[in-house]
Amino acid sequence: MEGTVLKRIRGYTKALSVTLWLVIFAFIGTTFLVWGFRSTSGTGGGVVNPIGAVEGEQIPYAEYQQAYQRQYQQYQEKLGDKFDEKILEQLNLKGQVVEGLIGRHLLLHEANRLGLVISPDELVAEITAIPAFSDATGFKRDKYLRTLQSARLTPERFEESLREDLLLRKVEEWVKGGVHLIPDETWEAFRFNRASVKAEYVMFSDLKTQQAAVQNVAGLAKSNKPWEEIVRASGLKPVTSDFFSWDRSLPHIPDQERFKEAALVMERGAVSPIIQGEKASYLLRVIDRKDPDAAEFEREKAQFSRGLLQRKREQVFADWIRQVRARAKVKIETANL
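The sequence shown maps to residues 1 to 337 in our numbering.
Don't read these hints as lab results, they were simulated from the structure.
Owing to the predicted nature of the structure, the values given are computational and were not obtained by experimental measurement.
Among these hints, one or two may not hold up.
[Claimed, not checked] In silico DSS-like cross-links for lysine-lysine, where the CA-CA straight-line distance does not exceed 27 Å:
1) K208 with K279
2) K82 with K94
3) K198 with K176
4) K301 with K176
[What the hints assert, rightly or not] Label pairs and their in silico Cβ distance ranges:
5) A132 with D319: 18 to 24 Å
6) E333 with I287: 56 to 62 Å
7) K331 with P155: 29 to 35 Å
8) D242 with Q276: 22 to 28 Å
9) Q215 with K237: 42 to 48 Å
10) Q276 with N92: 54 to 60 Å
Beta carbons are placed, not taken as given, at the ideal position from N, Cα and C, and that holds for glycine.
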């Protein structure tokens, strides 16, 4: 039970994965924006020297160049006088742009595979809702055409780009729409988020020299040996923490997130398995636990559930994108960048 809850909570409480941000970047960062949509003005050649291919579809260099210039300008605007070309190298801007384009093309490919389409009515509704094409009385076709002309865009090119953007949105909605909360999931997450625990623990900070001790202690814990016996076998003096919660820092624990993730799903008196952190390994026993009361949960249940569902959907979408990326046939022509 604890393993399932821990896995679920870990997914919801962390920030969006790098992969998801790369695809979000593909939605907005890989395009010249004209009131939110891509400008593909230019020669339009681009198939010479493609920078890569996704499922056999080439990514033109012109598309990469536009995306790179757009992101370059955004960094210039954000950093101002602090802007430096070396920063772009450290951020691997070229790699960001390429991965963003790959993400965009992959999701469009998935949309086609799933049979998702944008109807003429959906496209018209989106266009007529853009304030730049309207006045006080509503949408004006002549203003629409003039605005596109000033941006050196034809209606056909603009609408095709908009159709792609709407498809990307529809793919995301399709994935997220199938994600729901299961019974008791809201309470489990609320309890994890609001609980405070007090723990006794041993920390193995030198993993190379203490590897044998770690393995011995792990075996004892797995065999449900008494805590006192486990501590004696560790050869370490146990440390008792103050009460802590997810939001309260543990200054003496190098791997706080892992430690708290394990402790906050445990019941009073429970002993953890070995907790593997990046800087140390830990074994802990929960001495005391304070949970939120039922009245507090009922007061906040509706709002908390909405936030939890949103985070769950974002996590599932991120995982889905990772799976799509892992199985896709992607080729990157680094020599053409």
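Subject >> Hints not upheld, ascending by number >> reply: Hint check: 3, 5, 9 and 10 fail, others pass.
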